[in-house]
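Chemist: Single-letter residue listing:
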Amino acid sequence: MLTAQWLYGLTGCLIVALGLRAALLHTSLLQRVVAVNVMGAGVFLMLIAVAYRGPEALPDPVPHALVLTGIVVAVSATALALALARRLTAEQNDG
Amino acid sequence: MNWDAWLPLLVVASSVLPGLVIFFLREGSHGLRTTLNLAGASLKLVLVGILIWGVFHEHVYETRWTLAPGLELVLQADTLSVLFVSLSTLLWLVTTVYAVGYLENSPHRSRFFGFFSLCVSATVGLALAGNLFTFVIFYELLTLATYPLVAHRGTPEALRGARIYLGYTLGGGMLLLIGSVWLHVIAGPTAFVEGGLLSRLPVDYHPQLQVIFLLLITGLGVKAALVPLHGWLPQAMVAPAPVSALLHAVAVVKAGAFGIVRVVYDVYGVQFADQLGLLTALGIAAAVTIVYGSVKALFQDNLKKRLAYSTVSQVSYIALGTAILGPIGTIGGLVHLVHQGVMKITLFFSAGNYAETLGVHRVSEMNGVGRRMPATTLAFTVAALGMIGIPPVAGFVSKWYLGLGAVEAGMAAWVMPVLLTSSALNAAYFLPVLYRAWFRSPGPAWPAEHIAATRFETAGALLWPPVVTATLALAAGLFAAAPYSPLEWAKLIAQREYGL
Amino acid sequence: MADALIWSVVTPLAGALLTLLLPRPATAVVMATGLATTVAAGSLLYGVGTQGAMLYEIGGWTAGLGIALRADALSALLLTMTALVVLAASVYSSVYLSKTSERTRFWPLWLLLWTALNALLLSADLFNLYVTLELMGLSAVALAALAGKPAAVQAALRYLLVGLLGSMLFLAGVTLIYAGYGTLDMASLARTVEAGPVAWTALALMTAGLLLKTALFPLHFWLPPAHASAPAPVSAVLSALVVKAAFYLVLRLWLDVFAELVTTTAADLLGVLGAGAVLWGSWCALRAERLKLLAAYSTVAQLGYLFLFLPVLQALPPGPARDLAMGGLVILALTHGFAKAGLFLAIGVVQQRAGHDTIRELDGTAQRLPATTFAIALAGVALIGLPPSGAFLGKWQLLAGSVATGQWLWLVVTAIGSLLAAAYIFRVLGHAFGHRAYPNRPVTIAREEWPALLLTATAAVVLGLAGAPVWKLLEGGA
Numbered sequence: 001m002l003t004a005q006w007l008y009g010l011t012g013c014l015i016v017a018l019g020l021r022a023a024l025l026h027t028s029l030l031q032r033v034v035a036v037n038v039m040g041a042g043v044f045l046m047l048i049a050v051a052y053r054g055p056e057a058l059p060d061p062v063p064h065a066l067v068l069t070g071i072v073v074a075v076s077a078t079a080l081a082l083a084l085a086r087r088l089t090a091e092q093n094d095g
Numbered sequence: 001m002n003w004d005a006w007l008p009l010l011v012v013a014s015s016v017l018p019g020l021v022i023f024f025l026r027e028g029s030h031g032l033r034t035t036l037n038l039a040g041a042s043l044k045l046v047l048v049g050i051l052i053w054g055v056f057h058e059h060v061y062e063t064r065w066t067l068a069p070g071l072e073l074v075l076q077a078d079t080l081s082v083l084f085v086s087l088s089t090l091l092w093l094v095t096t097v098y099a100v101g102y103l104e105n106s107p108h109r110s111r112f113f114g115f116f117s118l119c120v121s122a123t124v125g126l127a128l129a130g131n132l133f134t135f136v137i138f139y140e141l142l143t144l145a146t147y148p149l150v151a152h153r154g155t156p157e158a159l160r161g162a163r164i165y166l167g168y169t170l171g172g173g174m175l176l177l178i179g180s181v182w183l184h185v186i187a188g189p190t191a192f193v194e195g196g197l198l199s200r201l202p203v204d205y206h207p208q209l210q211v212i213f214l215l216l217i218t219g220l221g222v223k224a225a226l227v228p229l230h231g232w233l234p235q236a237m238v239a240p241a242p243v244s245a246l247l248h249a250v251a252v253v254k255a256g257a258f259g260i261v262r263v264v265y266d267v268y269g270v271q272f273a274d275q276l277g278l279l280t281a282l283g284i285a286a287a288v289t290i291v292y293g294s295v296k297a298l299f300q301d302n303l304k305k306r307l308a309y310s311t312v313s314q315v316s317y318i319a320l321g322t323a324i325l326g327p328i329g330t331i332g333g334l335v336h337l338v339h340q341g342v343m344k345i346t347l348f349f350s351a352g353n354y355a356e357t358l359g360v361h362r363v364s365e366m367n368g369v370g371r372r373m374p375a376t377t378l379a380f381t382v383a384a385l386g387m388i389g390i391p392p393v394a395g396f397v398s399k400w401y402l403g404l405g406a407v408e409a410g411m412a413a414w415v416m417p418v419l420l421t422s423s424a425l426n427a428a429y430f431l432p433v434l435y436r437a438w439f440r441s442p443g444p445a446w447p448a449e450h451i452a453a454t455r456f457e458t459a460g461a462l463l464w465p466p467v468v469t470a471t472l473a474l475a476a477g478l479f480a481a482a483p484y485s486p487l488e489w490a491k492l493i494a495q496r497e498y499g500l
Numbered sequence: 001m002a003d004a005l006i007w008s009v010v011t012p013l014a015g016a017l018l019t020l021l022l023p024r025p026a027t028a029v030v031m032a033t034g035l036a037t038t039v040a041a042g043s044l045l046y047g048v049g050t051q052g053a054m055l056y057e058i059g060g061w062t063a064g065l066g067i068a069l070r071a072d073a074l075s076a077l078l079l080t081m082t083a084l085v086v087l088a089a090s091v092y093s094s095v096y097l098s099k100t101s102e103r104t105r106f107w108p109l110w111l112l113l114w115t116a117l118n119a120l121l122l123s124a125d126l127f128n129l130y131v132t133l134e135l136m137g138l139s140a141v142a143l144a145a146l147a148g149k150p151a152a153v154q155a156a157l158r159y160l161l162v163g164l165l166g167s168m169l170f171l172a173g174v175t176l177i178y179a180g181y182g183t184l185d186m187a188s189l190a191r192t193v194e195a196g197p198v199a200w201t202a203l204a205l206m207t208a209g210l211l212l213k214t215a216l217f218p219l220h221f222w223l224p225p226a227h228a229s230a231p232a233p234v235s236a237v238l239s240a241l242v243v244k245a246a247f248y249l250v251l252r253l254w255l256d257v258f259a260e261l262v263t264t265t266a267a268d269l270l271g272v273l274g275a276g277a278v279l280w281g282s283w284c285a286l287r288a289e290r291l292k293l294l295a296a297y298s299t300v301a302q303l304g305y306l307f308l309f310l311p312v313l314q315a316l317p318p319g320p321a322r323d324l325a326m327g328g329l330v331i332l333a334l335t336h337g338f339a340k341a342g343l344f345l346a347i348g349v350v351q352q353r354a355g356h357d358t359i360r361e362l363d364g365t366a367q368r369l370p371a372t373t374f375a376i377a378l379a380g381v382a383l384i385g386l387p388p389s390g391a392f393l394g395k396w397q398l399l400a401g402s403v404a405t406g407q408w409l410w411l412v413v414t415a416i417g418s419l420l421a422a423a424y425i426f427r428v429l430g431h432a433f434g435h436r437a438y439p440n441r442p443v444t445i446a447r448e449e450w451p452a453l454l455l456t457a458t459a460a461v462v463l464g465l466a467g468a469p470v471w472k473l474l475e476g477g478a
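For the protein sequence lines, the chains are P, L and Z, in the order given.
Numbered by the working numbering, the letters in the first sequence go through residues 1 to 95 in order.
Numbered by the working numbering, the letters in the second sequence go through residues 1 to 500 in order.
Numbered by the working numbering, the letters in the third sequence go through residues 1 to 478 in order.
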């Protein structure tokens with residue numbers, strides 16, 4: 001039976017798969033960074049789907065905590081990646 | 001303080017500790033370095049003397065240290081280890097004196113003597129190894145300690161020779177390791193016990209034991225220079241003469257031969273090895289090596305290379321003795337371990353003297369050298385006669401026992417021709433050298449006279465070692481029946497191995 | 001005694017913050033932090049040795065709700081190795097990084113990396129592992145890029161992307177586990193997990209992510225450039241500790257949490273990849289032109305040996321033979337950690353002296369630095385697996401396990417790998433022998449050369465001769 005939970009969960013998996021494909025196939029740095037972020041988004045969606053405990057009950061807070069932590073980590077990592085990329089293009093333009 | 005447990009360890013430590021200190025000495029501290037070397041060597045000699053006395057009276061000396069569950073480092077003194085340890089210790093002392101003289105004013109002496117000491121420590125540890133695991137450890141340590149000695153001069157030839165040496169010995173070490181691990185898995189910790197423990201295994205294991213034997217002997221055969229694994233030996237001649245002397249008489253080649261003896265007698269047991277058909281295989285390999293080495297020696301003009309091939313041939317007498325079933329063959333092989341060591345080191349010392357004093361490296365340059373350097377050439381003559389097997393030099397004793405043992409074991413049909421051919425070939429490549437040295441007139445000038453003739457023909461430190469060892473070779477033959485002689489000791493070992 | 005668990009994590013973290021706030025006495029702060037953390041690690045090891053596995057619940061929250069730290073013999077041993085290696089490398093770095101500006105940026109990241117390593121080794125639940133993996137990855141990348149040169153930045157960027165990819169896969173696996181079992185605590189999962197599509201997919205995803213991070217062939221492509229362009233102390237920690245932390249996680253998952261699921265085929269697959277790593281890594285190391293590249297490829301190869309243990313452990317039934325093999329695995333990992341760290345530190349000294357690390361032009365430098373060359377020789381002995389190093393004992397157990405289970409392929413691969421290692425090590429050492437006499441001064445820069453010497457001596461001698469307690473610890477403290 002295709003409930004909403006399953007729909008969200010599978011969508012999350014699909015997004016992860018698409019992100020993975022993009023990360024492996026594209027060669028441009030920026031595209032790869034975005035692809036990894038897309039993968040992250042997919043995983044977060046999966047986690048949110050897992051948090052569903054039924055129409056009446058409150059959702060499970062643990063996966064929500066995981067998603068929040070994950071977002072923080074993803075943002076920091078993306079920031080580092082972009083900073084390094086910027087440094088790299090600056091060096092290449094100078095040198 | 002349980003001295004019995006510490007003594008084997010002290011014997012090894014008596015050269016490790018001076019060696020480590022020597023590494024840090026400045027190049028110029030000639031006196032301190034020599035003192036440390038000689039002090040360590042003398043101490044070791046004293047300790048070995050105690051061991052000899054103790055083992056003769058059935059004392060047990062054993063050091064144990066667990067490295068991992070089921071893997072124990074064991075140093076023990078039994079009759080066979082004492083034979084090899086005393087040879088190594090005595091010859092190390094003599095070689096140290098020689099090396100001090102030979103390397104005067106060459107660079108990197110601290111590094112040389114440091115690794116020299118470590119080399120002897122590895123040899124002594126190998127001799128005292130009480131199980132196959134310990135033996136393998138010291139076998140590999142020996143490779144590590146000798147590489148810097150072969151590469152010492154740092155020239156491209158030296159490095160190339162060292163690389164070839166390393167390739168052969170590490171490859172052999174790997175085969176030895178695999179064989180040992182395999183044996184360990186099927187038979188548990190393989191302690192060296194007279195008569196061997198493997199005969200107790202069920203019959204299904206016999207094919208595996210045969211393959212393991214092949215692996216072990218091949219691994220050991222690299223260092224023992226069994227054909228076709230001998231390729232490193234002539235290449236390693238690039239090393240300075242003291243290194244060639246040590247490697248060929250005492251350390252590396254003997255370690256391989258000693259290992260073969262240990263495997264056949266104390267791991268498999270000679271009767272069991274014969275049962276599995278392994279002695280025949282070993283005997284054939286030994287016979288081929290004996291003849292091949294002698295033939296190749298015939299065609300070498302470079303003196304050290306000629307001696308190298310002679311070593312290839314002569315060390316296989318030990319393997320041959322091992323392959324002959326029966327106490328007399330065993331005695332022949334074991335006693336040759338000592339005799340060949342003393343004789344060969346004399347030959348190498350003399351060769352080194354010719355090179356250092358007169359710049360003579362080739363046999364063709366040796367005309368009349370007996371007149372210029374009579375003592376050295378006399379030592380060379382004694383040793384060469386021993387190699388051929390002429391009484392009363394020690395070599396005769398070993399060949400006699402080998403021949404007799406072959407007759408007893410019913411193997412005379414093919415062993416005797418090998419022995420006779422080899423002796424004839426030995427004569428063929430030694431006698432012309434002796435003839436040239438004594439009976440030909442020298443040329444107008446020596447290739448490069450480094451050391452002028454004073455009252456003595458060459459430097460003291462270079463002269464006395466070959467004289468001493470030649471005297472020992474003669475004495476070992478003349479006094480073979482005296483107590484504590486190599487022959488008597490070999491008889492003791494054979495007694496205990498065969499349970500007589 | 002259980003407090004040692006939290007101190008091991010908090011001390012380097014506090015140190016990182018202090019060095020950020022007090023840049024001037026930073027070196028002193030780092031040394032104090034280093035010593036304190038090493039003491040904590042040591043007492044942890046002692047505690048595990050005497051009492052067995054230890055548990056610490058942060059804030060008093062019980063498992064399932066809060067974050068717990070758990071130490072058993074394996075993590076305690078790796079924690080102690082981490083502490084000693086980082087301490088030695090810190091002493092080294094205080095001299096190696098001569099410019100103050102370099103050091104102010106270096107120390108906080110360095111101590112954060114240490115925090116992440118310790119936290120990873122002590123984590124008791126899966127999500128905490130994810131967080132520590134990310135922290136470790138980010139600080140490692142930042143440290144690797146510190147040199148600033150384009151090659152370094154590019155390699156660091158690739159390292160970052162690969163790391164992120166791996167972490168995402170790992171997180172996907174964690175999600176599946178939570179979906180299937182409702183808990184992330186590793187101890188309770190070990191009890192309740194059953195073979196099934198959910199668990200298998202989760203394990204596959206997590207393993208894939210970890211294999212990327214541990215640079216197992218053929219996913220090793222990012223490692224050589226990253227480790228070869230980083231500053232010497234960073235390369236040391238990356239090769240010796242960071243990749244090993246990822247391997248530790250593979251071990252935890254395969255042998256502990258998901259032990260039920262592991263099939264012979266899966267273990268064999270990892271073994272085959274490990275074999276590829278040994279052969280390909282050793283071959284590339286042999287052909288490397290630069291010392292640092294040689295060392296980096298050597299890391300790829302040595303990690304391969306660790307993976308060769310997996311099919312052997314899988315095939316051995318629980319009992320003394322399996323314990324022997326497990327101990328062999330641990331001592332091999334420990335020896336490699338010390339040896340590789342010491343090797344990179346020694347190479348750093350050479351590079352500083354000579355201005356380059358091209359192997360063919362090493363002659364003069366190698367002969368003028370006897371202590372450093374000796375350190376490289378000792379590291380070489382440990383990497384080849386010659387006695388008396390701990391690696392010899394480890395390889396013996398690998399060979400024995402291979403023979404005992406009839407899996408001869410691993411024996412052949414180990415033999416060939418060791419001989420190749422001998423070839424590339426002695427290729428370097430050959431340059432230490434020359435025909436000109438150099439003045440005989442053993443140690444030139446004490447604070448740089450002694451750490452390298454001590455680390456490699458530990459690998460080549462101490463672990464080999466005094467390694468028996470490792471087996472005892474693993475038996476008792478697991």
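No wet-lab data here; the hints were simulated from the structure.
Just so you know, not all the hints are guaranteed correct.
Using C-beta positions, here's what the derived DEER-type ranges look like [to be verified]: (1) P:A57 <-> Z:V412: 35 to 43 Å; (2) Z:A195 <-> P:S28: 36 to 44 Å; (3) Z:V39 <-> P:D60: 52 to 60 Å; (4) P:H26 <-> Z:T50: 49 to 57 Å; (5) Z:L269 <-> L:P202: 56 to 64 Å; (6) Z:P320 <-> L:P156: 49 to 57 Å; (7) L:Q210 <-> Z:L269: 31 to 39 Å; (8) P:T27 <-> Z:A208: 37 to 45 Å; (9) Z:V412 <-> L:E27: 43 to 51 Å.
In silico lysine to aspartate or glutamate, EDC-like type, Cα no more than 16 Å apart, as pairs [to be verified]: (10) Z:K149 <-> Z:E102; (11) Z:K472 <-> Z:E361; (12) Z:K149 <-> P:E56; (13) Z:K472 <-> L:E72; (14) L:K305 <-> L:E157; (15) Z:K149 <-> P:E91; (16) Z:K472 <-> Z:D72; (17) L:K491 <-> L:E157; (18) L:K491 <-> L:E449.
We treat Cβ as the ideally placed atom computed from N, Cα and C, and that holds for glycine.
Chemist: Give a verdict on every hint.
Modeler: Quick rundown of the hints versus the structure:
1. The given range of 35 to 43 Å is broken by A57 (chain P) and V412 (chain Z), whose C-beta atoms sit roughly 58 Å from each other.
2. Hint check: A195 (chain Z) to S28 (chain P), Cβ distance near 41 Å, so the stated range 36 to 44 Å holds.
3. Taken as a hint, the range 52 to 60 Å is violated for the pair V39 (chain Z) and D60 (chain P), whose Cβ atoms sit roughly 41 Å apart.
4. The supplied range of 49 to 57 Å is met by H26 (chain P) and T50 (chain Z), whose beta-carbon atoms lie about 54 Å from each other.
5. Between L269 (chain Z) and P202 (chain L) the Cβ separation comes to about 36 Å, which falls outside the hinted range of 56 to 64 Å.
6. In this structure, P320 (chain Z) and P156 (chain L) meet the distance hint of 49 to 57 Å, their C-beta atoms being roughly 51 Å apart.
7. For the hinted restraint 31 to 39 Å between Q210 (chain L) and L269 (chain Z), the CB-CB distance of approximately 34 Å keeps it satisfied.
8. At about 21 Å, the CB distance of T27 (chain P) to A208 (chain Z) disagrees with the hint of 37 to 45 Å.
9. For V412 (chain Z) and E27 (chain L), the hinted distance range of 43 to 51 Å is satisfied, since their beta carbons lie about 46 Å from each other.
10. The hinted pair formed by K149 (chain Z) and E102 (chain Z) meets the criterion: a straight-line CA distance of about 14 Å does not exceed 16 Å.
11. Our distance criterion of 16 Å between C-alpha atoms is broken by K472 (chain Z) and E361 (chain Z), whose separation comes to about 46 Å.
12. Restraint check for K149 (chain Z) and E56 (chain P): not satisfied, since their Cα atoms lie roughly 58 Å apart, outside the 16 Å limit.
13. Of the pairs offered as hints, the one joining K472 (chain Z) and E72 (chain L) holds, with about 15 Å between alpha carbons and a cut-off of 16 Å not exceeded.
14. Only pairs whose Cα atoms come within 16 Å are accepted, and K305 (chain L) paired with E157 (chain L) is accepted, the gap being roughly 15 Å.
15. For the hint pairing K149 (chain Z) with E91 (chain P), the CA-to-CA distance comes to about 8 Å; that is within 16 Å, so the pair holds.
16. Simply put, K472 (chain Z) and D72 (chain Z) have alpha-carbon atoms about 13 Å apart, close enough for the 16 Å limit, and the pair holds.
17. About 44 Å separates the Cα atoms of K491 (chain L) and E157 (chain L), which puts this hinted pair outside 16 Å; it is violated.
18. Using a Cα cut-off of 16 Å, the hinted pair K491 (chain L) and E449 (chain L) is violated, with the two alpha carbons roughly 47 Å apart.
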